[in-house]
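Taking the hints into account, I'd like the entire structure generated from these sequences.
As given, the protein sequences belong to chains A and B, one line each in that order.
The first sequence: position 4 = 4 (the working numbering), numbered continuously.
Numbers given in the working numbering equal positions in the second sequence, counted from 1, plus 1000.
It should be emphasised that the hints constitute simulated quantities derived from the structure, not laboratory data.
It should be emphasised that the depicted structure is a prediction, and the values quoted were computed from it without experimental measurement.
Misleading hints may appear alongside valid ones.
[Said to hold, decoys possible] With a straight-line cut-off of 27 angstroms between C-alpha atoms, the simulated DSS-like cross-links for lysine-lysine are:
1) LYS1001/B with LYS11/A
2) LYS1068/B with LYS62/A
3) LYS11/A with LYS62/A
4) LYS15/A with LYS1042/B
5) LYS1099/B with LYS62/A
6) LYS1099/B with LYS71/A
[As the list claims (entries may be wrong)] Computed far set for chain A versus chain B, every beta-carbon distance over 12 angstroms:
7) ILE13
8) LYS15
9) PRO18
10) ALA20
11) SER27
12) ASP56
13) VAL73
14) GLN80
15) LEU91
16) ARG109
Idealized CB from N, CA, C, for every residue including glycine.
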Amino acid sequence: EAGVVQSPRYKIIEKKQPVAFWCNPISGHNTLYWYLQNLGQGPELLIRYENEEAVDDSQLPKDRFSAERLKGVDSTLKIQPAELGDSAVYLCASSAYSTGELFFGEGSRLTVL
Amino acid sequence: KQEVTQIPAALSVPEGENLVLNCSFTDSAIYNLQWFRQDPGKGLTSLLLIQSSQREQTSGRLNASLDKSSGRSTLYIAASQPGDSATYLCAVRPSSGDKLTFGTGTRLAVRP
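Structure (structure tokens):
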């Protein structure tokens, strides 16, 4: 069974440029999460989806960040415009209702110059 | 607000040693607790999930215990190997809501 797939793995952009990250969760997982992880820190939740509905986006900086999960499967996280402080790893995770166990993708490392 | 603490922040042990990693949480109203490992530059890999009704879970050389009343979980690694070198994180899911709280992790180095 395929795990959570994220792309791109690495992205280097200049500040004020846009960037987008894509996530394909484990098949059958209804819940999808986007996390941000800074070096030496634990992941911090940005947004959580139940199917196609964003049920918790309280930590998402809505002035520059947006996310969507069309058809309740794949999801895209966008930053526009990117700032220097956005340099971090963006992790996608998914879980099933039955156990609540989280499975993470490899992450997308963003460097903003 | 739930707070999760992992001590020590870093640990270095010789190969073959048995070791214990600690995870403490302030609010005992939890749904489950999950242990992860993270290799440098990689995502998090799920190791063990303990539901609130369980006391422990085992997988190979790993054993995780949960004591909700004292707000503690431990991850026991038997006969450590250099391949166990990684950062280990615990995460707590509340009994109400779905927002996990992560610890900052314990960075483990197992010396050959």
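We went through each hint and held it up to the structure:
1. LYS1001/B with LYS11/A: Roughly 34 angstroms separates the two Cα atoms, so the pair is violated.
2. LYS1068/B with LYS62/A: Given that 27 angstroms is the threshold and the Cα spacing comes to 36 angstroms, the pair is violated.
3. LYS11/A with LYS62/A: Holds: LYS11/A and LYS62/A sit about 21 angstroms apart, inside 27 angstroms.
4. LYS15/A with LYS1042/B: holds (25 angstroms)
5. LYS1099/B with LYS62/A: holds (19 angstroms)
6. LYS1099/B with LYS71/A: holds (23 angstroms)
7. ILE13: Its Cβ never comes within 12 angstroms of chain B, the nearest being 19 angstroms, so this holds.
8. LYS15: holds (23 angstroms)
9. PRO18: Answer for PRO18/A: holds, closest chain B Cβ roughly 24 angstroms.
10. ALA20: Fine: 18 angstroms to the nearest Cβ keeps ALA20/A off the interface.
11. SER27: Holds: least Cβ distance 17 angstroms, greater than 12 angstroms.
12. ASP56: Violated, since 6 angstroms does not exceed 12 angstroms.
13. VAL73: Correct as stated: the minimum Cβ-Cβ distance to chain B is 19 angstroms, above 12 angstroms.
14. GLN80: Its Cβ never comes within 12 angstroms of chain B, the nearest being 24 angstroms, so this holds.
15. LEU91: Violated, since 6 angstroms does not exceed 12 angstroms.
16. ARG109: violated (7 angstroms)
Comparing the model with each numbered hint stated earlier shows that hints 1, 2, 12, 15 and 16 do not hold.
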